[in-house]
Amino acid sequence: MLKISVITTKTNELTEVTSNIQKLIDEQKINNGICVVFCPHTTAGIIVNEAYDADVKDDIIFSMEKISPSYPDFKHLEGNSSAHVKASLIGNSSNLIVENGKIQLGRWQGIYFAEFDGPRKRELWVKILEII
Amino acid sequence: MLKISVITTKTNELTEVTSNIQKLIDEQKINNGICVVFCPHTTAGIIVNEAYDADVKDDIIFSMEKISPSYPDFKHLEGNSSAHVKASLIGNSSNLIVENGKIQLGRWQGIYFAEFDGPRKRELWVKILEII
Amino acid sequence: MLKISVITTKTNELTEVTSNIQKLIDEQKINNGICVVFCPHTTAGIIVNEAYDADVKDDIIFSMEKISPSYPDFKHLEGNSSAHVKASLIGNSSNLIVENGKIQLGRWQGIYFAEFDGPRKRELWVKILEII
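Residue numbers (the working numbering), protein chains in the order written: chain W, 274 to 405; chain R, 274 to 405; chain A, 274 to 405.
Hints are computed from structural coordinates only; laboratory data are not their basis. It should be emphasised that the depicted structure is a prediction, and the values quoted were computed from it without experimental measurement. Treat the hints with care, since some could be wrong.
Copies of the same chain look alike in the list, so a pair counts if it works inside one copy or between any two.
Here are the computed lysine-lysine pairs in the DSSO-like style, where the Cα-Cα straight-line distance is at most 30 Å [what the hints assert, rightly or not]:
(1) K276 x K348
(2) K339 x K302
(3) K375 x K296
(4) K339 x K296
(5) K394 x K276
(6) K276 x K375
(7) K394 x K375
(8) K283 x K302
(9) K283 x K339
(10) K348 x K394
(11) K375 x K339
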């Protein structure tokens, strides 16, 4: 598998990685296939969503905090259970279709590393299944 | 990749696409493999859930509105951030197992296009990895 | 495809299945590939998250109940719509990367069968795409 390095700078942050993944596909000269993206962290995930208006990222982060706040009843002593829940909701793997050497995305879509417990040094793992 | 056209008629709507995807597998004469379903939209997603009692669809839509309502604090001017959040939670890709020419689903499962900002003309993208 | 049997003992429960899936990969002598895990149930799903501190599991279950409680307005007469919603949020399929005969996971990650309407006798379906 291939790895992408992501440096996050805030507690909650969506970092676009579309061009990082496309670069791997270019380097591997993959024309046709499936690209599996896997987040090896337990307080972060992968979102494929709007890449045009950056305000959407802020609204997603705002809502995720409403959906999964930190509860006084939490047992996990590290204090970041809210981030584990957000990561479980968002999911840690995604499938991308590759054709003609390009990740196939809808007009407004981008691929995001979704940080919920930053800032941290993170990784995304990418495995490409080529169809010949 | 192959494409399925979906016409949605409400703001929030689960449209079953199980037979549409099975038809593609039939046409391609795929016996064994993995079928990746990818939603190219940013305010819609894919749900694999109950296909027997239609009331479950209504209850899912009802809950999604409670989970991700529209907040006055949202910044995205298009006014549909709630739908972007719902799509991020539900996810925009899914894996289906194909064996003996059939999508393998549990007894009560169906595959749904989950619209959160309709009515619209939508697409689902399908990429089949055949195992020979 | 291969099947894993899971017996759940509570209404909401995260059962780790990492070693069960690794065992299948060992038995099939898969060195390199992608492993698709598919949950054939409509009130359960798959979570890849913390496997070190068991308190995280409890906090995830606690939060899921806050996120998707049972509403008096629900129409589905079986009374478990809350579980259908939780399953839809968590998702019913996941991708795992296999290299050198081992599932590649982050340091703290484990794979969980997420039960939301137990106790029940459940299954996970596993399909392995080998890369040669």
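Consistency of the hints with the structure:
1. K276 x K348: Neither: 33 Å inside a chain and 33 Å across chains, both beyond 30 Å.
2. K339 x K302: neither (42 Å within a copy, 45 Å between copies)
3. K375 x K296: This pair counts as both: shortest intra-copy Cα distance 10 Å, inter-copy 26 Å.
4. K339 x K296: neither (35 Å within a copy, 39 Å between copies)
5. K394 x K276: within (13 Å within a copy, 36 Å between copies)
6. K276 x K375: Both. Shortest intra-copy (18 Å) and inter-copy (17 Å) distances satisfy the 30 Å Cα cut-off.
7. K394 x K375: both (27 Å within a copy, 24 Å between copies)
8. K283 x K302: neither (34 Å within a copy, 42 Å between copies)
9. K283 x K339: For K283 and K339, both the intra-copy (17 Å) and inter-copy (26 Å) Cα distances are at most 30 Å.
10. K348 x K394: both (26 Å within a copy, 28 Å between copies)
11. K375 x K339: neither (36 Å within a copy, 37 Å between copies)
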